[in-house]
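If you read the protein sequences in the order shown, they are chains A and B. Positions -15 to 244 (my numbering) are the ones given, in order, by the first sequence. Positions -15 to 244 (my numbering) are the ones given, in order, by the second sequence.
Please note that the accuracy of each hint is not assured.
One copy or two, either will do: identical chains are not told apart, so a pair holds if it fits within one copy or between any two.
Derived BS3-like pairs: lysine-lysine, alpha-carbon spacing no greater than 25 angstroms straight-line [said to hold, decoys possible]:
| id | residue 1 | residue 2 |
| --- | --- | --- |
| 1 | K52 | K63 |
| 2 | K107 | K221 |
| 3 | K176 | K221 |
| 4 | K176 | K63 |
| 5 | K221 | K52 |
| 6 | K30 | K108 |
| 7 | K110 | K221 |
| 8 | K221 | K108 |
To be clear, the hints were calculated from the coordinates, so they are not data collected in a lab.
Spelled out, the chains give:
2 protein chains.
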Amino acid sequence: MRWARCERDGNVFFGIVSGDEVQEVAGTPFAAHRVTGKRYPLSSVKLLVPVVPPTFYAAGLNYVEHIKAQAASQGQQPKIPQKPDIGYRAVNALTAHEEPVIIPRDAGQRVQYEAELVVVIGKKAKHLSEADALSCVFGYTIGNDVSERDWQAVDRTLWRAKNTDTWKPMGPWIETEVRLESLRTIVRVNGKTTLEFPTNHMLFSIPQYISAMTRYVTLYPGDVIWMGTEGASPNLKAGDVCEIEIVGIGTLRNAFVAES
Amino acid sequence: MRWARCERDGNVFFGIVSGDEVQEVAGTPFAAHRVTGKRYPLSSVKLLVPVVPPTFYAAGLNYVEHIKAQAASQGQQPKIPQKPDIGYRAVNALTAHEEPVIIPRDAGQRVQYEAELVVVIGKKAKHLSEADALSCVFGYTIGNDVSERDWQAVDRTLWRAKNTDTWKPMGPWIETEVRLESLRTIVRVNGKTTLEFPTNHMLFSIPQYISAMTRYVTLYPGDVIWMGTEGASPNLKAGDVCEIEIVGIGTLRNAFVAES
Chain A
-15 MRWARCERDG
-5 NVFFGIVSGD
5 EVQEVAGTPF
15 AAHRVTGKRY
25 PLSSVKLLVP
35 VVPPTFYAAG
45 LNYVEHIKAQ
55 AASQGQQPKI
65 PQKPDIGYRA
75 VNALTAHEEP
85 VIIPRDAGQR
95 VQYEAELVVV
105 IGKKAKHLSE
115 ADALSCVFGY
125 TIGNDVSERD
135 WQAVDRTLWR
145 AKNTDTWKPM
155 GPWIETEVRL
165 ESLRTIVRVN
175 GKTTLEFPTN
185 HMLFSIPQYI
195 SAMTRYVTLY
205 PGDVIWMGTE
215 GASPNLKAGD
225 VCEIEIVGIG
235 TLRNAFVAES
Chain B
-15 MRWARCERDG
-5 NVFFGIVSGD
5 EVQEVAGTPF
15 AAHRVTGKRY
25 PLSSVKLLVP
35 VVPPTFYAAG
45 LNYVEHIKAQ
55 AASQGQQPKI
65 PQKPDIGYRA
75 VNALTAHEEP
85 VIIPRDAGQR
95 VQYEAELVVV
105 IGKKAKHLSE
115 ADALSCVFGY
125 TIGNDVSERD
135 WQAVDRTLWR
145 AKNTDTWKPM
155 GPWIETEVRL
165 ESLRTIVRVN
175 GKTTLEFPTN
185 HMLFSIPQYI
195 SAMTRYVTLY
205 PGDVIWMGTE
215 GASPNLKAGD
225 VCEIEIVGIG
235 TLRNAFVAES
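In isolation and in its complexed conformation, chain A is listed as follows (with noise of 0.2 angstroms):
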């Protein structure tokens, strides 16, 4: 099944997304919801962000050939991560499915993506197994970590480099139904393809993950876990198209802009 949160004539609903048509929803997918009987076109509404997360979380590096591009890009070796610690992006960040995403004046040359899958958690959990991890996620979405390079080289934190307005676009949807195992990752630039990689080769995988986290952290419904991205991308410029489609989910696309 798929959850769009759309907008329509100034009001925002969750809505199942069948083919060419949404159905309305009453409530949220994370508690109690009653589908209303009012269908529109899919083309009639606008796409928003699927969920405003409490707590937006991030594994950052967890593909290889990603870290070691990346180190080699910095020219310094690659350092592997031994045990799956999450960081964290902003809400501030968040943009939705078709929104631009605006390149500040002083950004530098190194504006690049990161194709991601990202996790939607629908049940608080605690204390999870591996075996019982995949218990609390409600679905999966596509994430652009857009990361300008030379901020993230010299700042002491990921702050403006991942965290600028528009720099987290997260979309088109929440898929309900994936098998991780089938999934393959494929973005590409204005039409062409740049990158593509079996999605679910992480270095740690999703119940790693959150089994190690719910350790010590209660995850809650609409929390988002950002898995990571493989390889490497090219500079990214305003006027620069990027689709990052997850087969089996769907395409998030975004225009690159300079900011006015």
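Guided by the hints, dock chain B onto chain A, whose structure is given.
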């Protein structure tokens, strides 16, 4: 004016605290609201975390003696930040005044307090100059950035070292009338003063942080910025009670207990 978030007979509401009394308010301090006329003894309400932030910012290293003490305890040379790079904490870890801080069974000995002034944002803000920066501030509260130094030293991120459940006490209320230069922070463990410092003697000031941040990120009503701590902390153990007073704001008190 002192704004608290309160619970009484299962109802959650904002209230204005005057002496030993709280006046119930309909709405939130960040939007249209009205005083309802209902008054309760302050002792009859439970004080909640005064705001649940959309984004939870933290300066981290922002007082010189703390930076030196931390570096020394890790056997390193102090690195004094050269610019105000903001960091993040996580909403799962927030807990209220008088709620217990729970120490997991496998935590090391070096569980420590960090006594912090917390800025509460009242208005959406972008591109503020230092001169205008405080115009977006609604008021101030107190935070205890509880930290486990072994995890902080070995983990790739600050996740469990800083964001374990209950490790971010915040409260007791938001004070809107504050003279930053006259604030003093006093920490007491089991009634004995262990730290005292002039709260506003930061490496980078609140206006410097807000101006730098809003060049790239939009601040939203309810966002909080924890401004860092001075000095060092003794190791805290189950049974200890930690009080952080910022004279002119209030006192945040939490007992430390062992995970059951």
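Hints violated by the structure (listed by number, smallest first):
2, 4 and 8
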